[in-house]
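S.K.: Position one of the sequence shown corresponds to residue 1118 (this note's numbering), numbered consecutively onward.
The reader is advised that the hints may include incorrect statements.
Pairs of lysine-lysine, DSSO-like flavour, derived with a Cα cap of 27 angstroms [what the hints assert, rightly or not]:
1) K1232 with K1279
2) K1154 with K1225
3) K1285 with K1154
4) K1173 with K1147
5) K1159 with K1225
6) K1264 with K1147
7) K1289 with K1173
8) K1285 with K1225
9) K1225 with K1264
10) K1264 with K1243
Label pairs and their in silico Cβ distance ranges [said to hold, decoys possible]:
11) L1328 with V1270: 20 to 26 angstroms
12) S1327 with R1180: 21 to 27 angstroms
13) H1174 with G1277: 28 to 34 angstroms
14) D1227 with I1192: 48 to 54 angstroms
15) V1291 with D1160: 17 to 23 angstroms
16) D1160 with R1269: 41 to 47 angstroms
17) H1174 with M1286: 31 to 37 angstroms
18) V1270 with I1221: 41 to 47 angstroms
19) K1162 with Y1294: 47 to 53 angstroms
20) E1296 with K1131: 24 to 30 angstroms
21) S1293 with K1162: 18 to 24 angstroms
22) R1231 with N1133: 39 to 45 angstroms
23) K1232 with V1291: 14 to 20 angstroms
These aren't lab readings, by the way, just hints derived from the structure by calculation.
Where a beta carbon is used, it is the ideal one built from N, C-alpha and C, also for glycine.
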Amino acid sequence: MFGKLRKLVLGGEKENQVIEKMREHLSYVKEANELLKVMIEKDDKELAREICELEKHGDIVRRDIALFLYEGAFIPGLRANLYRFAEIVDEIIDEVEDTSMAYILIPKLDDDIRKDCLRVADINVKMSDDLIATFECLQNACELKDKTLVIRVREEEVDGIKGQLYKKMIKKDVRSYWEGETLSNFIRHLVNISDLIEDAADIIQILNVSLS
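Between the sequences and the hints, there should be enough to build the whole structure, so can you do that?
M.R.: Structural data, given as structure tokens:
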């Protein structure tokens, strides 16, 4: 009965269009985070342009999803959470873009801080993969609890690194208020990406309950 219900709710043409758009949306999350990781690792600030382009594509996909839902894709009880999921996914890409723009303003990132930031960026890439796998559970009826647990564990790891980063920032000698503010903004955006990914996974759990 459970499988038949999923097929009934997820098997229509409009529903499949929404699912494919969401997959595309999630692929931008992963690609943007991969670019951000390389940007920090190689100090390649030109990659911010590519991230900005992905953010524009993400906006278009979010609007497409909204249109399909407005035109009647999925039962009414699911539409609000589906659109909320699309909004949060878009917020993730926005946050990656904000992180890249904040990074551009940093004259030079200390090696010890860069190392920790790179660890966070690497976890964000892994969490992007985890989020994609979690989303696929809506169709495949896999063990969702295990996948969301992995996301939570990784987010807690980011929280730990965040604490280390702020301790290093307090000890850092800065030449001006704006130098410290710029670095603080960059780190704040960087560590917030994992929070948003966890929020998106929470919506998937809600959707999963709605489908059961």
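S.K.: Which hints, by number, does the structure contradict?
M.R.: The structure conflicts with hints 7, 9, 16, 18, 19, 20, although it agrees with all the remaining ones.
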